[in-house]
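Respectively, the protein sequence lines represent chains A and B. Under my numbering, the first residue of the first sequence carries the number 1, and numbering increases by one thereafter. Under my numbering, the first residue of the second sequence carries the number 472, and numbering increases by one thereafter.
No wet-lab data here; the hints were simulated from the structure. No experiment lies behind these values; they were computed from the predicted model shown. The beta carbon of each residue, even a glycine, is placed where N, CA and C say it ideally should be. Errors might be hidden in some of the hints.
Covered by chain B, according to a simulated footprint, are these stretches of chain A (three or more residues, beta-carbon under 8 Å) [stated by the list, open to error]:
id, segment
1, 18 to 31
2, 215 to 228
3, 379 to 391
For the chain B half of the interface with chain A, some residues (derived, Cβ under 8 Å), not all of them [claimed, not checked]:
id, residue
4, N551
5, A553
6, L561
7, R562
8, G600
9, F601
10, F604
11, N605
12, T641
13, R645
14, P647
15, A737
16, A740
17, R743
18, S744
19, A748
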Amino acid sequence: MASQQPLPNTQIPLDVYGGDEVSALVLDAGYCHTRAGFAGEDVPKSVLPSFYGHLKSTNSDTSTTTYRDIFGDECLNPRADFEIKNYMSRTESVVEDWDAATKIWEHMLIKRLQPDRETHPSKNGLNDPPEDGEGDVAMEDVENQEKPLAENPLLMTEAPWNAGKAREKAIEIVMENWGCPAFWLSRTPVCAAFAAGKASALVIDVGGANTTVTAVHDGMILKRSIQKAPVGGLWLSQQIRTMWENNDPKIDVIPTYMVENKTPVDAGAPAQAKLRKFPFEIAPSFRTYEEERLLTEFKESVVEVWRGPGRYANPGNEDLVKTQPGRVFEMPDGSNQMWREQRYRVSEGMWDETAALPLPDGSKVQTIPELIKAALNAVDVDLRPNLLGNVVVTGGTSLLNGFNDRLNNELATIYPGVKIKLHAAGLTTERRFGSWIGGSILASLGTFHQMWISRKEYEENGAGIVEKRCK
Amino acid sequence: MASHDVRDVLNLPAEGAGFRPAKKQKTAVPRPNLKGLAREVQNLGGDNPIAIVPEISTFKKRRFGSRKPAARWEMRPFHNSARADGSLHLRHWRRRTEGQSGAQSQDGQDAGEDKKETEQKSEELDDSGFAKFNVQVDVPQYSEDQYNSNLTNNDWTKDETDYLFDLARTFDLRWPLIWDRYEYSPKLPGGAGNGEGADTTDPNTAVIPASKVRSMEDLKCRYYEVAAKMMAVQKPVQYMTQAEYALHGIMANFNPNSETQRKKFAQNALNRSKEEAREEESLLIEVRRIVARQERLNQERRELYNRLDYPHTEQDINAFKSSAGLQTLLQNLMSVDKSKKRKPIMEANGNSTPTSAQPPSAHPGSTPTAENSHNRRESIAASTSGSAHRDSIGGGERPERPTKKGAQPPERKKLTEQEEQIYGVSHHDRLSSGPTFRYERINKILTTKSHAQHQRITNTLAELDIPSRLNMPTRSVVEEMEKLLTAIGLLLDMRKMNDKIDAEIRTEQAKKAEREKALAASQAEGGAKAEGESSSQAQGKSGDKGQVNGNKPATNGEPADKAANAKTNGEEPATNGTTDGESDETPDAMNDDEAEQVKEEAGDDRASRPGSSGGQKRSASVLSSVSDKSAKRQKK
Ligand SMILES: Nc1ncnc2c1ncn2[C@@H]1O[C@H](COP(=O)(O)OP(=O)(O)OP(=O)(O)O)[C@@H](O)[C@H]1O
Ligand SMILES: [Mg+2]
Chain A
1 MASQQPLPNT
11 QIPLDVYGGD
21 EVSALVLDAG
31 YCHTRAGFAG
41 EDVPKSVLPS
51 FYGHLKSTNS
61 DTSTTTYRDI
71 FGDECLNPRA
81 DFEIKNYMSR
91 TESVVEDWDA
101 ATKIWEHMLI
111 KRLQPDRETH
121 PSKNGLNDPP
131 EDGEGDVAME
141 DVENQEKPLA
151 ENPLLMTEAP
161 WNAGKAREKA
171 IEIVMENWGC
181 PAFWLSRTPV
191 CAAFAAGKAS
201 ALVIDVGGAN
211 TTVTAVHDGM
221 ILKRSIQKAP
231 VGGLWLSQQI
241 RTMWENNDPK
251 IDVIPTYMVE
261 NKTPVDAGAP
271 AQAKLRKFPF
281 EIAPSFRTYE
291 EERLLTEFKE
301 SVVEVWRGPG
311 RYANPGNEDL
321 VKTQPGRVFE
331 MPDGSNQMWR
341 EQRYRVSEGM
351 WDETAALPLP
361 DGSKVQTIPE
371 LIKAALNAVD
381 VDLRPNLLGN
391 VVVTGGTSLL
401 NGFNDRLNNE
411 LATIYPGVKI
421 KLHAAGLTTE
431 RRFGSWIGGS
441 ILASLGTFHQ
451 MWISRKEYEE
461 NGAGIVEKRC
471 K
Chain B
472 MASHDVRDVL
482 NLPAEGAGFR
492 PAKKQKTAVP
502 RPNLKGLARE
512 VQNLGGDNPI
522 AIVPEISTFK
532 KRRFGSRKPA
542 ARWEMRPFHN
552 SARADGSLHL
562 RHWRRRTEGQ
572 SGAQSQDGQD
582 AGEDKKETEQ
592 KSEELDDSGF
602 AKFNVQVDVP
612 QYSEDQYNSN
622 LTNNDWTKDE
632 TDYLFDLART
642 FDLRWPLIWD
652 RYEYSPKLPG
662 GAGNGEGADT
672 TDPNTAVIPA
682 SKVRSMEDLK
692 CRYYEVAAKM
702 MAVQKPVQYM
712 TQAEYALHGI
722 MANFNPNSET
732 QRKKFAQNAL
742 NRSKEEAREE
752 ESLLIEVRRI
762 VARQERLNQE
772 RRELYNRLDY
782 PHTEQDINAF
792 KSSAGLQTLL
802 QNLMSVDKSK
812 KRKPIMEANG
822 NSTPTSAQPP
832 SAHPGSTPTA
842 ENSHNRRESI
852 AASTSGSAHR
862 DSIGGGERPE
872 RPTKKGAQPP
882 ERKKLTEQEE
892 QIYGVSHHDR
902 LSSGPTFRYE
912 RINKILTTKS
922 HAQHQRITNT
932 LAELDIPSRL
942 NMPTRSVVEE
952 MEKLLTAIGL
962 LLDMRKMNDK
972 IDAEIRTEQA
982 KKAEREKALA
992 ASQAEGGAKA
1002 EGESSSQAQG
1012 KSGDKGQVNG
1022 NKPATNGEPA
1032 DKAANAKTNG
1042 EEPATNGTTD
1052 GESDETPDAM
1062 NDDEAEQVKE
1072 EAGDDRASRP
1082 GSSGGQKRSA
1092 SVLSSVSDKS
1102 AKRQKK
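Just chain A, with the same shape it has in the complex (with noise of 0.2 Å):
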């Protein structure tokens, strides 16, 4: 009876080194990009947009039309008849289309992490035809192979709030299509937490679609405490379309692909370039999807965030910036031009709402602030000074220039009497792929063994065993 309280945090022993590989794998899907590697590993192997491309072909023959879907960034190129898809839902970052997402999982899970199998030299592909150039084509025949991840235990991480079906959904696919011995569903907070060394922490997560900010205890999410809004990337993406919409002149954003050549101009003169001309019709999503690439790139090399202390908008700052050395950005097609204080005014939204640019739908966002402060009060608050002081970072917009001293700076603001502690990743990469990296850290583990959903436990409760063991 005495051993009813668990072990306190200094009695766990720290010098076991628990890592025991079972080759297992890990997936994690976001929003922008899908991630996966083999666990054990610090970088995942293969890093895929989240964007496929849905190409339609008309047979002439027989006047049908099938579908083929192309995955990896390198086959993005412009076509007839090819629109950008993506599996993830936008708001949600949970998946939506499970069709497409089982097969860009089976690509890069399958594909790209296994080795070939040997297969019949007539069936091997070495003696066929040469294909059409667009290398990495979907696995029609995967029924065809023998379960493909039979000796991979697979570990996927998933939103914090993602629920029921879809988690059912997951565990179908892996265990009834590929085999997998061992299934775990983990959520994406607490693996950030865990790539950053702690078993609790307040997990900011500014990714692409969404930033959530969840407090994970003892290596489980505090369910109460989830907060999600859509300032992440693509929301910095839209604001920078305003301001580029009503910058003078107006920036038109005209994506790379669409360039054929261009001439040096001078800052704020018109670009000279000749654009292509496709003789097929190029699709929104395609555009938009290529802006995004240009949008990206402005972010990570222009586009900062005021550090504080204080809001941007606080007299002086303005003028302070305005005084110093800006940056210059060249667009696809040649034109420049010198930014200086508007590359801190497209990033305060995500700090104080009335800096937020209008959006076309003129809806408001919450605040990163706020959602902090929205998470903290809804756990317990012994737990906050402690989750206050192990603040983990993570999520790509976090890379933003300054975005760390900003956060530090309006944490100190909210919670002056609190020791707060960030730990953000110096590596971009461990930035960026944070919650596959504790995804991976979990999987080596070797007391994670005893956790895994075995094949067997699958067959004996069906898919609701997910919601019993992954808490």
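Chain A is fixed; fit chain B with the ligands onto it per the hints.
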């Protein structure tokens, strides 16, 4: 293109200076060793050989020579006994053990390997080394009956309690998680199975309570209540071990209100404003500083105590308790010191240790307090030698010690007379050994006296309103006191003498009266003889007698003679008194004896004199002999 080709092109002489050939000779040696591409590269250099790493053929040889067969690794399945299902066999890479390698080296084929694998599976699989880390929390369980008899609660249905305990088990009693995931919704009536179940368990559940919002404290309260009761059910309180009883007490006395209160405080603390936080922080810093200072002080004090604390000895220290013992101890220590080949210290004659005879006022204040702490740190040696010194801790009062041997003497400057007086420096030809207290000198004067005399001196002091024990025995005070005591001694002596002589006079007068009576009876008998006797008696007594004698009737034959005698006699005791005081050898007892004797004689005289004149003669001789005796003693 070799270098001689370049030379060709540039029209340089084919061969360089005289020293070339020598160099060439040198380089010619390694060339034949080179093969293949290395030789070609070497050739490119021509006359100026290019430094290339020669292919070391021994490297490969050695590697192959000492090579053990490569360690074989295999993908080995294992199971984890911590798992509930036990059927999951994961595989990890493990080094192949010897027995297996021998058996398996034969079959390289897939088929053979497969066979081996199946064989292995049938064997006992390894258990994961991590299974032991699977610890489970013990959550109490209760049966239906137990619940109904002990655990019912108006606020909680059994169903909800079950749910709570289920969560507690799932989340290993991590309350934040339990509270976070607590989503109890009471079962709705209507479901036939449900309704039945509810009816059989508890009629109360028929009334469906509204789903309550439970705080973490509510949950904890209920859990601890049940857990404590179940503990008591399983093992009555009086049989519990100490730990169990404590746990039971804690759980039974859980107070959700105080916990809620505490959380409110915590909440407030979190929501402090910046100013409040800063103020609190500065206060905290202040507190920390105070505590730190306190700690340092304690530390120093402890250090000091340790230093002052004498090392405990197994030997009997009684031998060293007397001053003579201390002296020998000092000698011992000094000889130890010397045997350690220390430089002889200047004050080695005894002043060097705190136990030595150095008067406390020898250098009062001559050590600046700043140096004091320094002293303390350095005087470990002092603490060992001065081990018996345990009192007088006060910082400044610490007896000075030479801090750095050899450094001290040059620092000592010649003091002027005045300074010596101020600092109380005194020079002695000979110091009595061992430390003494000044007031002991006074005590000595007193204690050497007899009890009666002591009493008398004390009385006199009391008359003078001077305490017998000095409050402030400074040097000058002690000196004055000494003088006073001598004077008192003198006075007392005088008084005694006075009394004695008074008594004698009275005897003599009584005798005289007697004699006159006798004279009246026989006038013919020689009055001169009596006169002579009386004068001879008076010789040993005081000057008062002279007066008495003077008062006597002028019938005496030689009045002038008598007076002269009396004078010299009277002076004598006075000189005696002074010599007594100086020599410290005052035989008071003898004086007393003498006085007694005198009285006795007088008594004898009184008794015998009325008888015969022969008796009178004898008495006179006795008296003279007595006075002789006393005179002899006084000379001594
Ligand atoms: N260096 C950078 N600076 C700013 N933004 C960046 C940088 N690198 C990537 N981004 C942005 O980060 C976003 C992608 O982040 P991330 O890969 O974490 O998202 P995700 O996990 O796929 O999406 P989500 O978590 O919302 O489902 C993109 O919008 C991209 O524009
Ligand atoms: Mg993400």
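Taking the hints in turn, this is what the structure says about them:
1. 18 to 31: holds (count 5)
2. 215 to 228: With 7 residues closer than 8 Å to chain B, the segment 215 to 228 of chain A meets the three-residue bar; holds.
3. 379 to 391: Satisfied; 7 residues make the cut.
4. N551: holds, 4 Å
5. A553: OK, holds: A553(B) within 8 Å of chain A, min 4 Å.
6. L561: Result: holds, 4 Å to nearest chain A Cβ.
7. R562: holds, 6 Å
8. G600: OK, holds: G600(B) within 8 Å of chain A, min 7 Å.
9. F601: Holds: closest Cβ of chain A sits about 4 Å from F601(B), inside 8 Å.
10. F604: holds, 5 Å
11. N605: This interface hint holds because 6 Å falls under the 8 Å limit.
12. T641: holds, 7 Å
13. R645: Since chain A brings a Cβ to about 5 Å from R645(B), closer than 8 Å, the hint holds.
14. P647: Result: holds, 5 Å to nearest chain A Cβ.
15. A737: holds, 5 Å
16. A740: Status holds, d = 7 Å.
17. R743: holds, 4 Å
18. S744: S744(B) check passes; min Cβ-Cβ to chain A is 7 Å, inside 8 Å.
19. A748: holds, 4 Å
In the structure shown, no violation is registered for any of the earlier numbered hints.
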